[in-house]
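Quick mapping for you: the protein sequence lines, in order, are chains A and B.
For the first sequence, the positions run 1 to 328 when the numbering used here is used.
For the second sequence, the positions run 329 to 493 when the numbering used here is used.
Source of the hints: derived by calculation from the structure; they are not laboratory data.
A portion of the hints provided could be inaccurate.
To be verified - Stretch-level coverage of chain B by chain A, calculated; a stretch enters the list once three of its residues show a Cβ under 8 Å from a Cβ in chain A:
#: 1; stretch: 362-370
#: 2; stretch: 403-409
What the hints assert, rightly or not - Residues from chain B shown here face chain A by an in silico Cβ test under 8 Å; the list is partial:
#: 3; residue: LEU383
#: 4; residue: ILE384
#: 5; residue: PRO391
#: 6; residue: VAL395
#: 7; residue: LEU422
#: 8; residue: THR423
#: 9; residue: VAL425
#: 10; residue: ALA482
C-beta atoms are modelled at their ideal positions from N, C-alpha and C, and glycine is treated no differently.
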Amino acid sequence: MLARILAAASCGVVLCCLANPALAEGTPAGTVIENTATLSFELDGNPATITSNTTSITVVELIDLAVTLQSPQTLVSAGDTNQALLFSVVNTGNGTETFQLAINSTVSGDDFDPVPSTVSIYFDSDGSGDFTAGDIPYVPGDNDPVLAPDASVAILILNDIPADRLNGDVGFSELIVSSATGSGSPGDDFAGQGDGGVTAVLGTSGGIDTVRGEYLVSDVQVSIQKSQTVSDPFGGNEPVPGATITYTIEVSVTGSGTAVGGIVEDVIPTFTTYVPGSLTLDAGTLTDAADADAGELNTSTTPTIVVRLGDVTATGSPRTVQFDVLID
Amino acid sequence: MSENQKGKTMISRVTALLLLLASGIAMSQGTLEVQTTVQKEAVTTNEDGERIKELIPAETVVPGERVVYTITFRNTGEEPADDVIITNPISEELTYVQGSAFGPGMELQFSVDGQSFGAAEDLTVEEDGETRTATPEDYTHIRWVMQSDLSAGAQGTVRFSAQLN
C-alpha cells in the first residue's frame, strides 16, 4: 500500500525492509528501489502530465569481507607459547552475515611451521591488541561472529614456537574467515539466503578471505647498566651542592638477533639540574633539542634524557649514553 | 482488401489489444503514452568463447552494479504535442553515471532538489558554507526537454544509467 501511494507521487521511492540506514559499504540488502517517469506536455494549449508504469528492483545481499593483519612481523623466541597475531575482520557486504574462523599454520614458503596453541583463536575482547586473560576463546558453531554491514571484529590467532628454531627463522600462520552462508566464486548466488529472504550473491572476495601473519625467531638478550661518577668543585668526589654527577648508561646486546628500535630514557633526578650540552652517545655529542640527531632533553614533563639507539646487534654493542647533572 | 489481408489486420488489432491488456502498465492520458523499463548489463560467453555484454531485465541488483533506465514515449493521437518534458527521479540509492544520458533532439537537464533544473555545469550545491558545482552524486532528478513538437504518431526514447550505491 505504501508503495502504491508513493509511486502515485511519481518519485523514486525506497522501501527499506531493514532498520539499517544507508551504509558506506552499500545499500542494505532487501531495499526496493522503484522508479516512475513523468511526461509533461501541451496539447492544443492544454498542459497535461502523465506518469509511466513503475519499475522495481530489489537490492540483494552482497556477501563480502575483508581481513587485514594488524600485527607487524612478530618477534618470538624458540619455545615461546601462545604467541598472538592480531587480525581485523570487516563485513564489507550489505547484509548481516555470520562468519566462521579457522587457523592454518602449515603454510609453505617459510622456515618452520608454528604450532597452533591448544586454544588457537580468540576474540580480542578487551581490545588490547594482544592476548590477555580477558580474551574470549572462539568456539566454532557456538560463538561465530555475526557482523552487521561495515561492522568489524578483532581476532587473535595463537601459535607456539618450536623449541628447536634458530634466530632469523620465519614462520607463517593464516587466519581463514568464511561466510557461513557459503563461499565460492564471485557472482555465485544462494537463493533466499540473504537478509529478509532475498538472494545472497558472493562479492569479489568469494565469501572467504585468508590472510597471513609472520613470526620471526629473534634470539637476542638486552641488558642495561647505569653508573655514576661525582666530581665536586674542590677537586674531590663528594656529592655536595655544586658537584657534577656524570651518569653512564651502557646498553649491551648478546645473542645472534637484533634488538629493534631501542630507546634509552632516563629521568633527571630531583635536586639536580641537567648540564646543557652534556649528552653524548658513544662519545659523540647530541644536541639537547628534539631534532634530527638521536637524542634530546625532553622537558615537556619531568626533564628526561631520551636517546634512540635504533636497531642494536651484538656486534654493535655496547652503546654508551652519557650526561652530566649539577647537584642543586 | 483481400480476405487474407483483412484477416491479418484483424489479428494485428487483436494482438495489439491483447498486448495492451497483458502489459496493463502503459499509462496514457489523451493521446500520449510513457513507459519505463529497467535493465542491467550481463556478460555472457558465446560459443566462440567471446565475452558479450547484453542488457537483461533487472529484478535484483547488488551494490556497485549498474542499471539502465529506458523511457519510451509516444504520441498516439492526431495532434502534435508541444513542450514535451520527460522527468525521472534518481533514487538516493543510485548515482547517475556521468555521460550515460541518451536522448536525441532533447536538451538534457538535471536537478539537485527536484524543483529547479538546469544544465549539469550550471547546477551548484551548498556544502560546508561553500558553493560548488554539483556532481552526479548530488543529482536527484534527470530530465529531457524536447526541442521540437512530438508530432502525431511519433515516438521517442531516452535512457540513462545509474550505479547502485
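(message) Let me make sure I understand: some of the numbered hints might not hold for this structure. Which ones are they, in numerical order?
(response) The structure conflicts with hints 3, 4, 8, 9 and 10, although it agrees with all the remaining ones.
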